[in-house]
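Take a look at the letters that make up each chain.
Protein chains: 2
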Amino acid sequence: MAMKRTNMKDIAKKAGVSTATVSYIINKRTDQVITPQTIQKVEDAIQRLGYVPNLGARALASKHTKLLGLLIPQTEEKKKLMFSNSFYGEFLSSFEYEARKRGYNILISGTDVDESYFDIARKRSLDGIVIVGVEDEADIVGLKKNGIHTVLVDSYGMDKELSSVTIDDRNGGFIATEHLISMGHRTIGLATGYLTKEGVNTERLKGYEDALAKYGIELDGKYVYSGTVSYEYGFELGLELAQMQDPPSAIFATADILAFGLIKGLKQGGLMVPDDISLVGFDDGFLASNTDPALSTVRQDVDNKAKIAARLVIDMIENQEDRSNIVLPVSLVERDSVRKIG
Amino acid sequence: MAMKRTNMKDIAKKAGVSTATVSYIINKRTDQVITPQTIQKVEDAIQRLGYVPNLGARALASKHTKLLGLLIPQTEEKKKLMFSNSFYGEFLSSFEYEARKRGYNILISGTDVDESYFDIARKRSLDGIVIVGVEDEADIVGLKKNGIHTVLVDSYGMDKELSSVTIDDRNGGFIATEHLISMGHRTIGLATGYLTKEGVNTERLKGYEDALAKYGIELDGKYVYSGTVSYEYGFELGLELAQMQDPPSAIFATADILAFGLIKGLKQGGLMVPDDISLVGFDDGFLASNTDPALSTVRQDVDNKAKIAARLVIDMIENQEDRSNIVLPVSLVERDSVRKIG
Numbered sequence: 003m004a005m006k007r008t009n010m011k012d013i014a015k016k017a018g019v020s021t022a023t024v025s026y027i028i029n030k031r032t033d034q035v036i037t038p039q040t041i042q043k044v045e046d047a048i049q050r051l052g053y054v055p056n057l058g059a060r061a062l063a064s065k066h067t068k069l070l071g072l073l074i075p076q077t078e079e080k081k082k083l084m085f086s087n088s089f090y091g092e093f094l095s096s097f098e099y100e101a102r103k104r105g106y107n108i109l110i111s112g113t114d115v116d117e118s119y120f121d122i123a124r125k126r127s128l129d130g131i132v133i134v135g136v137e138d139e140a141d142i143v144g145l146k147k148n149g150i151h152t153v154l155v156d157s158y159g160m161d162k163e164l165s166s167v168t169i170d171d172r173n174g175g176f177i178a179t180e181h182l183i184s185m186g187h188r189t190i191g192l193a194t195g196y197l198t199k200e201g202v203n204t205e206r207l208k209g210y211e212d213a214l215a216k217y218g219i220e221l222d223g224k225y226v227y228s229g230t231v232s233y234e235y236g237f238e239l240g241l242e243l244a245q246m247q248d249p250p251s252a253i254f255a256t257a258d259i260l261a262f263g264l265i266k267g268l269k270q271g272g273l274m275v276p277d278d279i280s281l282v283g284f285d286d287g288f289l290a291s292n293t294d295p296a297l298s299t300v301r302q303d304v305d306n307k308a309k310i311a312a313r314l315v316i317d318m319i320e321n322q323e324d325r326s327n328i329v330l331p332v333s334l335v336e337r338d339s340v341r342k343i344g
Numbered sequence: 003m004a005m006k007r008t009n010m011k012d013i014a015k016k017a018g019v020s021t022a023t024v025s026y027i028i029n030k031r032t033d034q035v036i037t038p039q040t041i042q043k044v045e046d047a048i049q050r051l052g053y054v055p056n057l058g059a060r061a062l063a064s065k066h067t068k069l070l071g072l073l074i075p076q077t078e079e080k081k082k083l084m085f086s087n088s089f090y091g092e093f094l095s096s097f098e099y100e101a102r103k104r105g106y107n108i109l110i111s112g113t114d115v116d117e118s119y120f121d122i123a124r125k126r127s128l129d130g131i132v133i134v135g136v137e138d139e140a141d142i143v144g145l146k147k148n149g150i151h152t153v154l155v156d157s158y159g160m161d162k163e164l165s166s167v168t169i170d171d172r173n174g175g176f177i178a179t180e181h182l183i184s185m186g187h188r189t190i191g192l193a194t195g196y197l198t199k200e201g202v203n204t205e206r207l208k209g210y211e212d213a214l215a216k217y218g219i220e221l222d223g224k225y226v227y228s229g230t231v232s233y234e235y236g237f238e239l240g241l242e243l244a245q246m247q248d249p250p251s252a253i254f255a256t257a258d259i260l261a262f263g264l265i266k267g268l269k270q271g272g273l274m275v276p277d278d279i280s281l282v283g284f285d286d287g288f289l290a291s292n293t294d295p296a297l298s299t300v301r302q303d304v305d306n307k308a309k310i311a312a313r314l315v316i317d318m319i320e321n322q323e324d325r326s327n328i329v330l331p332v333s334l335v336e337r338d339s340v341r342k343i344g
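Chains as they are written, first to last, in the working numbering: chain V, 3 to 344; chain H, 3 to 344.
Simulated from the structure, these hints should not be mistaken for lab results. Given the structure is predicted, the values throughout are model-derived calculations rather than measurements. Glycine is no exception: its CB is placed at the ideal position from the N, C-alpha and C atoms. It cannot be assumed that every hint is accurate.
What the hints assert, rightly or not - DSS-like mimics (lysine-lysine), calculated; alpha carbons at most 25 Å apart, straight line:
#: 1; chain 1: H; residue 1: 162; chain 2: V; residue 2: 125
#: 2; chain 1: H; residue 1: 103; chain 2: V; residue 2: 103
#: 3; chain 1: V; residue 1: 125; chain 2: H; residue 2: 43
#: 4; chain 1: V; residue 1: 125; chain 2: H; residue 2: 11
#: 5; chain 1: V; residue 1: 16; chain 2: H; residue 2: 43
#: 6; chain 1: H; residue 1: 68; chain 2: V; residue 2: 125
#: 7; chain 1: V; residue 1: 125; chain 2: H; residue 2: 125
Unchecked claim - Looking from chain H toward chain V, a few residues come up when the C-beta cut is under 10 Å (computed):
#: 8; residue: 112
#: 9; residue: 233
#: 10; residue: 262
#: 11; residue: 328
Said to hold, decoys possible - FRET-style restraints, in silico, Cβ to Cβ:
#: 12; chain 1: V; residue 1: 66; chain 2: H; residue 2: 277; range: 56 to 66 Å
#: 13; chain 1: H; residue 1: 226; chain 2: V; residue 2: 296; range: 29 to 39 Å
#: 14; chain 1: H; residue 1: 291; chain 2: V; residue 2: 52; range: 41 to 51 Å
#: 15; chain 1: H; residue 1: 333; chain 2: V; residue 2: 49; range: 47 to 57 Å
#: 16; chain 1: H; residue 1: 186; chain 2: V; residue 2: 335; range: 35 to 45 Å
#: 17; chain 1: V; residue 1: 274; chain 2: H; residue 2: 270; range: 46 to 56 Å
#: 18; chain 1: H; residue 1: 208; chain 2: V; residue 2: 188; range: 24 to 34 Å
#: 19; chain 1: V; residue 1: 245; chain 2: H; residue 2: 296; range: 14 to 24 Å
#: 20; chain 1: H; residue 1: 291; chain 2: V; residue 2: 184; range: 27 to 37 Å
#: 21; chain 1: H; residue 1: 105; chain 2: V; residue 2: 186; range: 52 to 62 Å
#: 22; chain 1: H; residue 1: 226; chain 2: V; residue 2: 188; range: 46 to 56 Å
#: 23; chain 1: H; residue 1: 199; chain 2: V; residue 2: 342; range: 20 to 30 Å
Take the sequences, apply the hints, and build the full model.
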């Protein structure tokens, strides 16, 4: 079934004027002289027939669709969006709200490995796009070259070419690790996502290394555990750690979701947090204070990050504003998952 | 900056043919005789220039946009999507994945109280829409009347007019409450979202009432606690219960997120689950097994619900399939949040 759409012709007929006159009024053309009576007749007809402009057709004329793309690259082929990580839910929630207040809708898409951001932007006539966690520079070049309003979130490497919002990931890794050191820990593991050339995990690893170096602790590669940023991987790693002869006395997990899985996996393997192993997470989503033990973690303001990303891209679209690169601060939240030792 | 899009004219120039010929080939018109050599020339030009069809323009012609709307009504004015409830994240994740596999993108929108679903569908030329948790019948009538392919999820009342996917909410409320009764509880509270005329919370309440009636326990309105379906409301209620002279010995919470807040609020108020108050949730999201205590809850298969919703709406669009109403089963998962008493 095709839907019946009231068009300008219907309005014109109802109002007893020409279709051109209706178009002039709807498009607020100031180069045409139209009497107030005619405007009134057309507005009455619009009210009665319930005309809603077709943004698809309008976009072809004005080149504005008021549609933003929120693209979330998939690191593995044909994968679902990782929405079990509440980070994405919190981000989307704030981003959609901020955009909606300014009259924009959101097209959300996981992008498969073989898909180009530029193709999506072009196919869907997006006014602008926000990409969360980009790792493929090649693709970004196409966006830049074609002048598509783009904001990168949590992406490294291309942030000097395009607008971006990041947090101080490296410092986050540093303060998490320094906190564990200050509590007496000397064998400190790192649980993280895949370590690519550039990316948030790699930055947090650098911060971890900075802290070890500052306090003269040698970096031992066997303590760096890397997998997917998921509850499942954290759980699996927790079970493994519980079976090791000599596990580290503390872990810095680069995402709360990894820490949640770790707590459960360690427990299943017979080790308690913080009695047997101390733990610091990263994100401070709303659940961090609700796990048992409550999680010490590096706090980032996801709500604000999403708001800023939405504002940046809309300001670029509407006001032709220039590129901005924004780095938001992080801080340590101490709760109950770290024990003082030694 | 406007993006430079390769159009049919560019292709025609490159291939040395007319624009009409390019259009015939791109649109696979069979009523025109075109030589294989010409087709080859045009296809080469397309390859070299990187032509991507503008789905906006194409949609105007074919009436298909391959764009689905996922609409999440807001029960309060100007509110953010409730993505702190992992239900929505899990739903979106599966829905987007299923749709993407079939070549569709997702427009996601919270709809404000004063916004019509039909207006969004029309403005955005959506091929179909899926609405999660509708409570306003008036608006749905417009969709039905205008023949917009629609699937309602977790919605009651209009499911005989449109396609729908629900779970057996009433039975879920029944088995949760019956379980608490079988464990010796006689004063059983209900923590739930706002109770509208029709809706999942109201169905779960009916199931709760069914179980009380079956076992001859009188329903006492003072034990029915209703607020937003949020961690915050659960927490607040937990604090209140902890201060009551005579709180119920058990609570059935109609969403896990309420149960998580309750555990924390009760604990802060000095009461432990299940030692002081037993608790059964609803959803069985991935965190239910990770809280402490692990949560006994009513399991629904959100992943499958989302997949089915995507398939239903796409089958209606592509194969003109008729209305279906699907009800998925629920089951009780016993963990550690219920204590046997009496």
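Now for the hints, and whether the structure bears them out:
1. This hinted pair does not check out: residue 162/H and residue 125/V have alpha carbons roughly 36 Å apart, beyond 25 Å.
2. About 31 Å separates the Cα atoms of residue 103/H and residue 103/V, which puts this hinted pair outside 25 Å; it is violated.
3. About 23 Å separates the Cα atoms of residue 125/V and residue 43/H, which keeps this hinted pair within 25 Å; it holds.
4. Restraint check for residue 125/V and residue 11/H: the C-alpha separation of about 18 Å stays at or below 25 Å, so the hint holds.
5. This hinted pair does not check out: residue 16/V and residue 43/H have alpha carbons roughly 49 Å apart, beyond 25 Å.
6. The straight-line distance between the Cα atoms of residue 68/H and residue 125/V is roughly 11 Å, inside the 25 Å bound, and the hint therefore holds.
7. A C-alpha spacing of about 17 Å is found between residue 125/V and residue 125/H, which places the hinted pair at or below 25 Å, so the restraint holds.
8. At a threshold of 10 Å, the smallest CB-CB gap from residue 112/H to chain V is about 6 Å, leaving the interface hint in force.
9. With its C-beta approaching chain V no nearer than about 6 Å, residue 233/H sits inside the 10 Å limit, and its interface hint holds.
10. Evaluation of the residue 262/H hint against chain V yields a held restraint, the C-beta minimum of about 6 Å falling below 10 Å.
11. At a threshold of 10 Å, the smallest CB-CB gap from residue 328/H to chain V is about 21 Å, leaving the interface hint violated.
12. For the hinted restraint 56 to 66 Å between residue 66/V and residue 277/H, the CB-CB distance of approximately 60 Å keeps it satisfied.
13. Remark: the range hint 29 to 39 Å for residue 226/H to residue 296/V is upheld by a beta-carbon distance near 31 Å.
14. Taking the beta carbon of each, residue 291/H and residue 52/V are about 50 Å apart, inside 41 to 51 Å as hinted.
15. A hinted range of 47 to 57 Å holds for the C-beta pair residue 333/H and residue 49/V, which are about 52 Å apart.
16. Look at residue 186/H against residue 335/V: about 40 Å separates their beta carbons, and that is inside 35 to 45 Å.
17. Between residue 274/V and residue 270/H the C-beta distance comes to about 22 Å, which lies outside the given range of 46 to 56 Å.
18. Separation of residue 208/H from residue 188/V is about 59 Å and departs from the stated range, judged on CB atoms against 24 to 34 Å.
19. The given range of 14 to 24 Å is respected by residue 245/V and residue 296/H, whose C-beta atoms sit roughly 22 Å from each other.
20. Our hint of 27 to 37 Å for residue 291/H and residue 184/V holds, since their Cβ atoms are close to 33 Å apart.
21. For the pair residue 105/H and residue 186/V, the beta carbons lie near 56 Å from each other, so the given range of 52 to 62 Å is met.
22. Remark: the range hint 46 to 56 Å for residue 226/H to residue 188/V is upheld by a beta-carbon distance near 55 Å.
23. A C-beta distance of roughly 56 Å is found between residue 199/H and residue 342/V, which places it outside the suggested range of 20 to 30 Å.
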